[in-house]
Structures are given as structure tokens and as C-alpha cells.
Amino acid sequence: MSSGQQIPPWLQEQLAKIQQSQQNLQSIMAQKQQLEIEHLETEKALEEIKKAGDDDDVYKHAGSILIKSNKKDLIADLEERQELAKTRLTVLSKQEERVKVSLKEQESKIAEVMKGQTGGTNSTQQPPTNPPK
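Going by my numbering, the first residue of the sequence shown is number -8, and it counts up by one from there.
Be aware that a few hints might be false.
[As the list claims (entries may be wrong)] No more than 25 angstroms apart at the CA atoms, straight line, and that leaves these computed lysine-lysine pairs for BS3-like:
1) Lys51 x Lys77
2) Lys77 x Lys62
3) Lys23 x Lys85
4) Lys41 x Lys77
5) Lys23 x Lys77
6) Lys85 x Lys106
7) Lys35 x Lys63
8) Lys77 x Lys63
9) Lys41 x Lys62
10) Lys62 x Lys35
11) Lys41 x Lys51
12) Lys63 x Lys51
13) Lys85 x Lys95
14) Lys95 x Lys8
15) Lys8 x Lys42
16) Lys35 x Lys59
17) Lys8 x Lys91
18) Lys106 x Lys95
19) Lys23 x Lys42
20) Lys42 x Lys77
21) Lys23 x Lys91
22) Lys8 x Lys77
23) Lys106 x Lys91
24) Lys59 x Lys42
25) Lys62 x Lys51
26) Lys41 x Lys63
27) Lys77 x Lys91
28) Lys23 x Lys95
29) Lys106 x Lys8
30) Lys59 x Lys85
31) Lys23 x Lys8
32) Lys35 x Lys51
[To be verified] If you anchor each label on the Cβ, the simulated ranges turn out as follows:
33) Lys59 x Leu6: 48 to 58 angstroms
34) Arg89 x Gln24: 11 to 21 angstroms
35) Met105 x Lys35: 30 to 40 angstroms
36) Ser93 x Ala21: 13 to 23 angstroms
What the hints contain is simulated information worked out from the structure, not anything from laboratory work.
These figures come from a predicted structure and were not determined experimentally.
Every residue gets a Cβ at the ideal spot worked out from N, C-alpha and C, and that includes glycine.
Model the full assembly from the supplied sequences, consistent with the hints where possible.
This is the structure:
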């Protein structure tokens, strides 16, 4: 497009959708990274707590303080947190994949329409509409 032409409204809308999808993908990836860190920290904590003797004092983190706990309860709590993080990671991975596929489809659609319009058609023309999926 030359600098004198304006971006057609349908293209602006499609570009806005792509931008929203990209932001969504970044958010999902950041959440995944945070969960992976949490999962690793929980795994390390489990390794350390299992090394402790049954009579050793163990503590759990509660906000900015440590509370004395028993080893069995603490292991159960950490294993539950680890399982929850694993489940959430699986869900986020699926969401990430769906958003990536959607982004590719959106980009392909725009590229296809733009390619067709460089063949001499009017750039303000509405692109062919696809039935909703």
C-alpha cells in the first residue's frame, strides 16, 4: 500500500484481533513460566523435606512467617501443590497451542486477502467472508 492509502476498516479490525491474540499468547506464556518456576521450587522443597528425619522440626511458609508443621502434612501439602501446578500447566499449554493456531489462521487470512487485492482490486473492498466456525 502506498503512503497515500488508508488501511481499510476490515483490515484494521483483523489487525486488532491479531494484536489481541498476541497479547493473550504473551500472557499465557508468562503464566506458564511462573507455574514452571513454582513447580520446580515445590519439587526442590519436596526433595529437601524427604531428606529430613521423622523427628526433625519442619516449618511451612505462611506469608512472611514460618509455622512449625509435621513432615507428613507438609509432604502432602507440597505434593498437592505440585499436582495442581502440573494440571494448570497442562491447561495453559493447550490454551497456548489454540492461540498459536488461531494466530496463524488470522495471519494467513490477511495475507491471502492482501495477495488477492494486489492483483488490481480495490483495497477498500470487503474481504470474502467465511462462515463462522
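Tell me if the straight-line CA distance from lysine 95 to lysine 8 falls inside 25 angstroms. Cα-Cα ~12 angstroms, so holds.
Does the alpha-carbon distance linking lysine 8 and lysine 91 stay inside the 25 angstroms limit? holds, 13 angstroms
For the pair supplied as a hint, lysine 35 and lysine 59, confirm whether the alpha-carbon distance does not exceed 25 angstroms. Given pair lysine 35, lysine 59 holds - Cα atoms ~19 angstroms apart, limit 25 angstroms.
Measure nothing beyond the straight line between the CA atoms of lysine 59 and lysine 85; if it is 25 angstroms or shorter, mark the hint as holding. violated, 38 angstroms
For the pair we were handed, lysine 106 and lysine 8, check the Cα-Cα distance against 25 angstroms. holds, 19 angstroms
Below or equal to 25 angstroms on CA atoms is what counts here, so check lysine 106 against lysine 91. holds, 22 angstroms
Assuming the hint says 48 to 58 angstroms, is it satisfied by the Cβ distance from lysine 59 to leucine 6 or not? holds, 57 angstroms
Would you mind confirming whether the straight-line C-alpha gap from lysine 85 to lysine 95 stays at or under 25 angstroms? Holds - the C-alpha atoms of lysine 95 and lysine 85 are around 16 angstroms apart, at most 25 angstroms.
Given the hinted pair lysine 42 and lysine 77, is their Cα-Cα distance within 25 angstroms? Judged against 25 angstroms, a Cα distance of about 23 angstroms means the pair holds.
Taking 25 angstroms as the top limit, are the C-alpha atoms of lysine 77 and lysine 63 close enough? The given pair, whose Cα atoms are some 21 angstroms apart, holds under the 25 angstroms limit.
Is the straight-line distance between the alpha-carbon of lysine 106 and that of lysine 95 25 angstroms or less? holds, 16 angstroms
Beta-carbon spacing of arginine 89 to glutamine 24 - inside the hinted bounds 11 to 21 angstroms or not: With Cβ atoms ~18 angstroms apart, the hint holds.
In summary, the numbered hints that this structure violates are 6, 15, 19, 22, 30 and 35.
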